[in-house]
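First to last, the protein sequences are chains A and B.
Numbering of the first sequence is given in the UniProt record's numbering, commencing with residue 1 and proceeding in unit increments.
Numbering of the second sequence is given in the UniProt record's numbering, commencing with residue 1 and proceeding in unit increments.
Careful, some of the hints might be misleading.
Identical copies look the same in the list; a pair holds intra-copy or inter-copy alike.
[Claimed, not checked] SDA-like mimics (lysine to any residue), calculated; alpha carbons at most 25 Å apart, straight line:
#: 1; residue 1: 45; residue 2: 10
#: 2; residue 1: 45; residue 2: 31
#: 3; residue 1: 45; residue 2: 14
#: 4; residue 1: 45; residue 2: 81
#: 5; residue 1: 19; residue 2: 1
Note that these hints are calculated values from the structure, not bench results.
Number of protein chains: 2
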Amino acid sequence: MVLVRHEIGEVLRDIRMSKRQTLRQVAARAAVALGYLSEIERGQKEVSSELLFSISEALDVPISQVMREVSVRLAIAEGVDIPDTVPVEFVASFDSSLINA
Amino acid sequence: MVLVRHEIGEVLRDIRMSKRQTLRQVAARAAVALGYLSEIERGQKEVSSELLFSISEALDVPISQVMREVSVRLAIAEGVDIPDTVPVEFVASFDSSLINA
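Just chain A, with the same shape it has in the complex (with noise of 0.2 Å):
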């Protein structure tokens, strides 16, 4: 089963490395616990909407770009070859209108 958190708190992990912050740092700026955060990089536990709005501005990055390669990650984890963004209801509505043309 391909988990969303388990990617997130990757792309976060590696954001923050990135950018050379401790997770005290970021935890501090994102004013959540630092055990949590950690719990959060390693994938253990959900992150809200809000939190994770939080910890993407401590880290100085937009959200959509943590979820952009969020979902570059679990297409790779997927085994799904994404081309150049097509976007999702351009294939449902392709689909569904092939299937019944």
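On the provided structure of chain A, position chain B as indicated by the hints.
Same frame as chain A, now just chain B:
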């Protein structure tokens, strides 16, 4: 504050609608209460990673695709420019031209 659950809910709903599935059908296949799925779609409830996996399976769509679409919508909400994505306006017009073809 940009909240991921709002975008996840909208994307899940759009995929379901485009596949002409009812809440009841998807809820049954994902083994989740109909009311809960509805709250998720409206962005009122966080979705756990396990449940997101089940719902994606029920919708027959990779989680990576869901999260990729989420990231695109987040970028729009954040006003972040993501280079290699197809703009929504283009998708919409491309979409309807197919439907009307």
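How the hints compare with the structure:
no., hint, verdict
1, 45 with 10, "both (12 Å within a copy, 23 Å between copies)"
2, 45 with 31, "both (16 Å within a copy, 22 Å between copies)"
3, 45 with 14, "within (17 Å within a copy, 27 Å between copies)"
4, 45 with 81, "neither (28 Å within a copy, 30 Å between copies)"
5, 19 with 1, "between (30 Å within a copy, 23 Å between copies)"
In this structure, the one hint that does not hold is number 4.
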